[in-house]
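2 protein chains.
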Amino acid sequence: MKKLINDPNRVVTEMLEGMAVTNPNIIYHKDFEVIARKNKPKKVGIVSGGGSGHEPAHGGYVGIGMLDAAVAGNVFASPSPDRIIKGIKEAHRGKGVLLVIKNYSGDIMNFEMAKELAEMEGVSVRSVIVKDDVAVPESTYSTGRRGIAGTIFVHKIAGAKAEEGGTLEEVLTVAQKAADNVRSMGMAMSSCILPGVGKPGFVLGENEIEIGMGIHGEPGIEKTNVKTAKEIVNILCNKILSDMDYINSEVALIINGLGATPAMELYIIAKEVDDFLKAKNVTPYKYFVGNFMTSLEMAGCSISLLKLDAELKRLLDAPCNTIGLKVGD
Amino acid sequence: MKKLINDPNRVVTEMLEGMAVTNPNIIYHKDFEVIARKNKPKKVGIVSGGGSGHEPAHGGYVGIGMLDAAVAGNVFASPSPDRIIKGIKEAHRGKGVLLVIKNYSGDIMNFEMAKELAEMEGVSVRSVIVKDDVAVPESTYSTGRRGIAGTIFVHKIAGAKAEEGGTLEEVLTVAQKAADNVRSMGMAMSSCILPGVGKPGFVLGENEIEIGMGIHGEPGIEKTNVKTAKEIVNILCNKILSDMDYINSEVALIINGLGATPAMELYIIAKEVDDFLKAKNVTPYKYFVGNFMTSLEMAGCSISLLKLDAELKRLLDAPCNTIGLKVGD
Chain A
1 MKKLINDPNR
11 VVTEMLEGMA
21 VTNPNIIYHK
31 DFEVIARKNK
41 PKKVGIVSGG
51 GSGHEPAHGG
61 YVGIGMLDAA
71 VAGNVFASPS
81 PDRIIKGIKE
91 AHRGKGVLLV
101 IKNYSGDIMN
111 FEMAKELAEM
121 EGVSVRSVIV
131 KDDVAVPEST
141 YSTGRRGIAG
151 TIFVHKIAGA
161 KAEEGGTLEE
171 VLTVAQKAAD
181 NVRSMGMAMS
191 SCILPGVGKP
201 GFVLGENEIE
211 IGMGIHGEPG
221 IEKTNVKTAK
231 EIVNILCNKI
241 LSDMDYINSE
251 VALIINGLGA
261 TPAMELYIIA
271 KEVDDFLKAK
281 NVTPYKYFVG
291 NFMTSLEMAG
301 CSISLLKLDA
311 ELKRLLDAPC
321 NTIGLKVGD
Chain B
1 MKKLINDPNR
11 VVTEMLEGMA
21 VTNPNIIYHK
31 DFEVIARKNK
41 PKKVGIVSGG
51 GSGHEPAHGG
61 YVGIGMLDAA
71 VAGNVFASPS
81 PDRIIKGIKE
91 AHRGKGVLLV
101 IKNYSGDIMN
111 FEMAKELAEM
121 EGVSVRSVIV
131 KDDVAVPEST
141 YSTGRRGIAG
151 TIFVHKIAGA
161 KAEEGGTLEE
171 VLTVAQKAAD
181 NVRSMGMAMS
191 SCILPGVGKP
201 GFVLGENEIE
211 IGMGIHGEPG
221 IEKTNVKTAK
231 EIVNILCNKI
241 LSDMDYINSE
251 VALIINGLGA
261 TPAMELYIIA
271 KEVDDFLKAK
281 NVTPYKYFVG
291 NFMTSLEMAG
301 CSISLLKLDA
311 ELKRLLDAPC
321 NTIGLKVGD
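Residue numbers (my numbering), protein chains in the order written: chain A, 1 to 329; chain B, 1 to 329.
Chain A with its partners taken away, still in its complex shape (with noise of 0.2 Å):
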C-alpha cells in the first residue's frame, strides 16, 4: 500500500490537525474529531459530518458562509453520538443547530440520537437528509436514495442563509430546498485502498469501469468497458433528467473528483455537460469543478445538478471562504 501517511490509525487525527494548522479560521477539537469554526458570530449553527476519507467533506466546509462544526468519523465510517454532541455544542450560539446529513444508515442513526441528546440538554436542532444519488433506489448502506456530492450544496445554501441572520426554521427550509432540488450521479474507473485494510475494497478490470458507483465502493448499476468521456456523460445526465425535471431550468453543478482524477478530465468532462444540458434547454448558471466529495484515491467522477431559483441563486452566490469552497464578494 503506498500512501503518503505515517500510521493507517492515526489518519483521521493527523489530516485534521494538517487542516487546522494550515488554515487560521478553524479549530481542532482532537477528543471528539470535531473541525469548529474559530470566530463564531451569533446566527444558527450548520453541521455536517460523517466518516473520514471523503476530503474535502466535511472539515474542509468549515467556515464563514458554510460550516460552522464538522464531525469526522474513521474512514467510510459514521461518527459516533458523543462526537457529534461535541459538534452542536461548537456550533450553538443560542439560535439553534441545523444537521445537514448524508443519507446512509450509520449517520443517520448517529446523527438523530445526537439530536435527541442535545434537544434533551434544551438546544434547538432540526435536521436535513441529503440523498442526492440517483444512480440505485436502495444501497448496501442506506435506505433510498444515497447522500453524495450534491452535499456540498446544501452545506453552501444552509450556511449563507445563517450568515444572513435566518431563524432556524427558515434555514431548515432553504436547506431542505435545496437538498430537494439536488440530484447526482457518479462513476468510477478505479478503486481505492482503506488505510487500515491495505487492499482494494473491490477490483476492476484493466478496461473496465463502473457507472453509478457509491463514494465508499457500494455497487453501482453496471460494470462496463472504458467509454468516452461524451458516453460517460450522456449516461450520467440522461439519468439525473429522467429523475427530476430540469428541461428550462438554469441549474448549479458541481463537476466532482473522486480523488485521483487529473484536473484536465475534469474540465473536459464540463464541457460535455455543458453542451449535453443546453441541448436539453437546462441552463448552467454556476459551476464548481474540482475535487469536492472524494473517496480516497478513487478515480473517476460524478455530476450534480442544483435547480435554482431566485432565492437559491443568491444564497448560491453569497461569499463563503473555506478550504474546499470559496465564493467571493
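Derived from the structure by calculation, the hints contain no laboratory data. Small disclaimer: the values here were computed from a predicted structure and weren't measured. Don't take every hint at face value.
If chains are identical, the list can't say which one is meant, so a pair holds when it fits in one copy or spans any two.
Unchecked claim - Taking lysine to aspartate or glutamate and the EDC-like style, the derived pairs with C-alpha atoms no more than 16 Å apart in a straight line are:
| # | residue 1 | residue 2 |
| --- | --- | --- |
| 1 | K2 | E231 |
| 2 | K2 | E206 |
| 3 | K227 | D7 |
| 4 | K2 | E208 |
| 5 | K40 | E169 |
| 6 | K95 | E169 |
| 7 | K230 | E17 |
| 8 | K42 | E206 |
| 9 | K223 | E206 |
| 10 | K230 | D7 |
| 11 | K278 | E17 |
With chain A's structure known, arrange chain B on it following the hints.
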C-alpha cells in the same frame, strides 16, 4: 488506458474549452490554445504557460490578481512561439508584458523567441525564469534547476504587483525576487500516462517511490522503498533547507498534489511540514494545500517554500480570483 477523455489528440482543446465554459472571467482562443482574461484593466500584462498536463497550471491561473494570459502546449510539450505571441498580444494593454517561464529548454527557447518577435512589433517584454526544484542541479529537459510548483508563487506575486499598478520594471523586480526566494522538491508514488502514448512513461515497483522526480517523470535523486509521511517530509525539507537559508524567516508554503494524491494525504504531509519547520525556527505564514501543479494522474507531492519579506507578504495576501487559486479580501 482509462481516462475520462474523448480523443487523445483533442485533450488540450477540450480541456481548455471546459475551463472557459465553466468560468465566466476567461475566454479561450482556440487557434492558439490561449486562455485570456476577459476584462483587462490597463496594467502590465502577465503571461505564463508551458506544456499541458499540469492543470490547473496554467490556464487555471488566469484572472484577477494573477495571469492575463496562459499559453498551452500539447501534453508535456512547450507551446510554439506563434501561440506565445498570441498570449503576449492578449495580455498587452500598452504597459508591457512580463513572461513567467518554467526552466525547461523548450519553454526557454520558445518563450524567448516570442519575446524577441513581440519586441520587434513594439511590445516591451521582460521575462522571469523559475528554477525552484532543488532535487537535481541539471536535468533531462533543463539546464540548471527545473521549474515546478513554486512557479505559482511567482504568478501570484507578479499578478498582485501588476494589479496594483506597478510598472513593467517594478513587476519584473518583485517577480524576480519571488523566483529567487522560492525552493521546491517533490516525490512520486506512481507514474502517469500521456493520452497520446497510452502507457506509463516509467514504472515504479509495488513498494517503490521516487524522491525528487520531476513533473514530467524526469529522474529524481533515488528510487527507494515506501516511507512514512514524516520520513518523506524530512528528506524533502532538509534538501530544500540545505539549498537556501530559511532559518528565522517567515515562509509561505505550497503543499502540492501531483494529481492522484488524496486531500487526506496532503494534509498529513502539511502537518509534518509544519512540525519540521517550527523545530527549525522557520515560521509558516500561509499555506496553500491542494493540486496546483500536477502531472496528470501521478501520485505524490511537492513542497514549496517562499521566503517572505513585508512586500512579498502584502502581495501574497492581495486578492486573486482564478480557477486554481482564490485569495479573498
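Here is what the structure says about each hint:
1. K2 to E231: Answer is between; shortest inter-copy Cα gap is 14 Å, intra-copy 32 Å.
2. K2 to E206: Result: close only across copies, 8 Å inter versus 20 Å intra.
3. K227 to D7: between (37 Å within a copy, 11 Å between copies)
4. K2 to E208: Between. Shortest inter-copy distance 8 Å satisfies the 16 Å Cα cut-off; intra-copy 22 Å does not.
5. K40 to E169: Neither, since 20 Å and 44 Å both go past 16 Å.
6. K95 to E169: within (10 Å within a copy, 54 Å between copies)
7. K230 to E17: Between copies only: 14 Å across chains, 40 Å inside a chain, cut-off 16 Å.
8. K42 to E206: Neither: 53 Å inside a copy, 52 Å across copies.
9. K223 to E206: within (12 Å within a copy, 26 Å between copies)
10. K230 to D7: Result: close only across copies, 10 Å inter versus 40 Å intra.
11. K278 to E17: between (43 Å within a copy, 15 Å between copies)
This entry does not satisfy hints 5, 8, going by the numbered hints stated previously.
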